[in-house]
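Protein chains in written order, with the numbering used here: chain B, 22 to 297; chain R, -6 to 373.
Hints in this document: simulated from the structure, not taken from any laboratory.
Hints may be right or wrong, so weigh each one.
[What the hints assert, rightly or not] With a Cα cut of at most 30 Å, we get these calculated DSS-like pairs of lysine-lysine: (1) Lys290/B - Lys337/R; (2) Lys290/B - Lys142/R; (3) Lys179/R - Lys290/B.
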Amino acid sequence: MNYRSSIFVLTCIGLGFAFLYIPILSMVVFSFNASRLVTVWDSANSPTLKWYASLLHNEEILDAAWVSVKVAVINATGSVILGTLAGFGLARFRQFRGRFTLNAMTTAPLVMPEVITGLSLLLLFVALEQLIGWPAGRGITTMTIGHMTFSMAYVTVIVNSRLVSFDTALEEAAMDLGARPLKVFFVITLPIIFPAILSGWLLAFTLSWDDLVISSFTSGPGSSTLPMVVFSKVRLGVSPEINVLATITLGVVTTMIVAVSLWMARRAKIDKASAG
Amino acid sequence: MTASSGGAVKAQPWNDLSARPYVEIERITKSFGDFKAVDDVSLKVYKGEIFCLLGASGCGKTTLLRMLGGFETPTSGRVLIDGEDMSGVPPYERPVNMMFQSYALFPHMSVEQNVAFGLKQDRLPKHEIQERVATMLDLVKMSDYAKRKPHQLSGGQRQRVALARSLVKRPKLLLLDEPLGALDKKLREHTQFELISLQDKLGVTFIVVTHDQEEAMTLASRIGVMNHGEIVQAGTPSEIYEFPSSRFVADFVGSVNMFEGKLIEDEPDYVRIRSPEIDAPIYVSHGISAPPGAVVWAALRPEKIFMSVAAPEGGADNVVRGTVQDIAYLGDLSIYLVKLPTGKVVRVTQPNTSRHAEAIGWDQQVYLSWDASSPVVVTR
């Protein structure tokens, strides 16, 4: 039976994509709406860019976006460093008792309910402040630490799985040619697993960018992230500016994903060619 | 099957008691848990040799090689290279280089950068690195591909780059793990001879691991046949082939017809063996050291059996009748499977010296005979 071009298959694809993209598309369309009411299309004055202009003058949202960018970048960078070290250790250290448990433990934060992680972090930070005076209050630092606890777990899993399929003969060859272990790591291992590290960075960035729960628990006054601001605004009624913000985010994310996937596809082709 | 020695060593330092071995493996053992991968192996390899470790997969040959390279730590015993104890010396400080089975070329570096890697670790001046890399690439005929990445090369080209990379530091000892395993047959034969001439030119000592007996025969000055973590026999290719010391070696190197039997006459200059698998007693024109009545095996190579339609002249010794059961025509030679009246099937190879002669066909009655010096008698 040939399903390849049947109407049935086309309908399946159509329905699936409609389900995924109609809400997003409607949001994009309404970002050009002139009306103050999000649900009413003002056909006389639309489309317009006036909400784009007004967003650029909304200090609250811009500040929140800046906080979000800072937290996301620091979090992604920190998670990549810690996660790569953990992933490397787990993949390379010799077989030892309890290795399986350790492996499972690094992935536990992935399945832990966010509310619990957030609450436990809040309690820890409060207790620490009372004991040693650090961290003094809650803000960007505590939020970043909070994000890193779970982002790092994702990076560890990604790097670890890349290293498991890594031909250790490459490292041995480098050592055989006179490179010491630390040099081997930086000159051979790191460049080869770089795509995995990059996708880990992007994932950590994204996780931090749209995290609401853990941010809410660990943030302090004056350090609201974008999702926190959006969420509080939406509760008072959706403003057209939110549509604009979402559309811009969507544009940036799409561009980034397309660029990275293209680059990865090229790398994969090279890897495949060199393996075969 | 070539049984000539292809190695560069024309003298035989292993027979010279005063010769100093270059690599000495002293009672080395490597265990992984309860499993002994290498079991109490001692071995001496001399300067300029191509020594082949030959064995089936899992016999411990690669583990032995990796201990020489410093990638595995021996459970007991030690390795001396040029008289120096290598215990505890990490791979990056050994005067040894290794060519890996997968070639292990660095995928993110060009051919040139791959070859230069080892020299850069020694912090040599830039112009010297360039010079030596260029000379080496020239030697392996890869100069035109210097700027390419490994994934843009064919299997044979990658092999050359890997070889250049492992030789550019001018090691005294080069370890090669299945160096030709990934190449197709034609290319492999060609590369074998290139490898020998390169080794001859550079005067490097090679220790090669292979499971391919033909490769070992062509390359080696000496072969060490390994089984279950032990070296069961070490010797020149012709010694291994013509004088196997055990049934395992006789069977593993080349093909062989094995007759199990008992000594019925045991004299200093000849023996006679009676085997239930063959009607006539086997007459061997040299004495052996085995207790009378002991179970022995007579090993007879297929190419050392003569096959004829008419009864051969001479005595009744070493002549049997049989029926041709199967013929495999291989071009240069043909393999005949001949069934004896006892049911034993004997393998006989005959060179196809004439283009038209196809005198012997299926189901034909033939005589098989062999020289009294041909059978090798082994006791284990």
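How the hints compare with the structure:
1. A hinted pair counts as satisfied when its Cα atoms are at most 30 Å apart, and Lys290/B with Lys337/R does not qualify at roughly 56 Å.
2. With a C-alpha separation of about 13 Å, the suggested pair Lys290/B and Lys142/R falls inside the 30 Å cut-off, and the hint holds.
3. A hinted pair counts as satisfied when its Cα atoms are at most 30 Å apart, and Lys179/R with Lys290/B qualifies at roughly 29 Å.
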